[in-house]
Amino acid sequence: MPTQPETPFLESGFRRRDRSVQPRLLWPEYKSTLNRAPTQSLIPLSPTLSEITGPTFSPQDIHLIDRDLLQNARIDRDPLGERTLLTGRVIDQDGTPLCATRIEIWQANAAGRYQHVSDNYQAPLDPNFSGYGCCLTDESGNYEFLTIRPGPYPFANGANTWRPSHVHFSIFGPAFATRLVTQMYFEGDPLIRDCPMLGSIPDRSAQSRLVAAFDMERSRPFDCLAYRFDLVLRGPKQTHFENRPDGL
Amino acid sequence: MSKDPLHHETSSQTVGPFVHIGLYPAVSGIVARSRTYGNQLATTHAYGQRIRVEGQIIDGNGETVRDALLEFWQADGHGRYAHPADPQAESADVGLSGFGRSVTNPDTGTWTLESIKPGAVTDLSQQPMAPHINLALFARGLNIHLHSRIYFDDEVEANALDPVLQHCVPAPRRQTLIARRQETTQDPCVYRFDMVLQGKNETVFFDL
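Order-wise, the sequence lines are chains A and B.
FYI, the numbering used here numbers position 216 of the first sequence as 318, with every residue one higher than the one before it.
FYI, the numbering used here numbers position 1 of the second sequence as 595, with every residue one higher than the one before it.
FYI, nobody ran anything at the bench for these hints, they're computed from the structure.
All C-beta atoms in this analysis are idealised placements derived from N, C-alpha and C, irrespective of residue type, glycine included.
Keep in mind that the hints are not guaranteed to be accurate.
[As the list claims (entries may be wrong)] Computed from the model, here is a short list of chain B residues facing chain A with C-beta under 7 Å:
id	residue
1	Ser606
2	Pro619
3	Ala679
Using the sequences provided together with the hints, build the complete structure.
Okay, structure coming up:
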């Protein structure tokens with residue numbers, strides 16, 4: 103492996119991605135990684151103008167119904183399942199709220215079945231539920247989805263492997279470099295312990311940050327229970343002025 | 595001055611095989627009322643040479659990946675990004691979306707992108723970069739998405755001066771980032787960009 107010369111770009115952009123909180127690409131317990139994880143090291147690249155830019159989003163592009171998965175595919179009745187409110191806040195590593203950034207979610211229905219041609223699990227589809235949701239964060243970085251709690255389901259990995267209940271979250275942030283897709287799990291789910299996908303993250307506290315906390319205070323009486331899931335995207339690189347006297 | 599400790603970035607998880615529901619809903623028969631993003635980036639008003647890029651993704655067994663999703667981010671025909679970090683953002687071409695998505699066909703494994711060829715981008719360090727499309731690859735079995743770039747084989751001079759190709763990527767691997775123009779008289783002109791996930795000719799992926 104040749105040594106890489108210093109990248110010639112300005113030290114602008116974003117903090118380097120901390121790979122200790124990111125999953126390993128090759129993780130044999132999750133069998134699909136065996137044939138798909140690159141075998142060569144990723145090549146370091148200081149973000150250039152191409153990566154510190156990215157798509158921007160307008161509220162006009164979002165229909166408010168897409169934050170309500172009980173309504174956005176409804177034909178003649180509410181979808182079956184446990185009415186669930188998912189809330190949270192999106193910040194960067196410095197704690198700055200990320201407003202007007204696009205969040206897309208997808209999930210199985212209450213029986214653990216996806217509305218997808220490739221899902222052949224025997225559990226039934228729900229004609230009133232698609233599992234698709236979309237919103238923009240508000241001016242404080244907050245988001246909210248109303249949905250049903252997805253069911254667990256088996257998947258082809260080991261002799262008897264099951265996915266814990268989870269919701270997929272896709273989030274953009276301010277640049278192509280901050281792009282992130284993850285999964286949110288539910289506090290107290292006994293399947294979390296043995297999940298090979300969660301296990302691909304080396305740091306246990308990083309794993310636990312993907313588990314949404316049950317939030318009784320936000321639950322709505324006679325309506326729905328609530329879970330809280332906060333997200334953190336890469337922060338901008340800081341310029342260090344510590345050695346300068348104030349005012350200069 | 596007291597400093598709050600940094601927050602950790604949220605960990606990634608794979609998009610899994612049902613990614614289309616959330617990121618390309620039409621494939622799942624879902625009619626999304628919010629805007630969705632497809633593989634047509636340019637309107638007929640966009641400035642630049644019309645191009646079509648297509649390719650397949652090959653796994654470690656030599657098989658085509660049929661459940662992947664790709665995201666593209668590119669500059670307009672003059673090399674300007676429609677984003678506030680670009681000093682030229684205000685004059686960026688409104689006929690180009692800049693961002694798009696494509697999915698590999700479940701039968702053939704081929705993905706396609708229709709756009710205009712981006713112009714050379716001048717980085718904030720004032721260095722010109724050869725025309726390129728930024729790419730993020732998501733799929734079952736990828737615990738975190740992979741970043742790559744698509745360059746063009748008919749930009750020989752610009753590629754030879756491109757700081758990323760020349761300074762970051764070892765010479766024997768550079769060709770994995772270069773799309774090959776196909777022999778065709780069609781308009782738009784067609785480029786082929788296959789990606790290899792493992793082994794010989796493994797595509798370069800970046801740690802941004």
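Against the structure, the hints:
no., hint, verdict
1, Ser606, "holds (5 Å)"
2, Pro619, "holds (5 Å)"
3, Ala679, "holds (5 Å)"
Violated hints: none; the structure is consistent with every hint.
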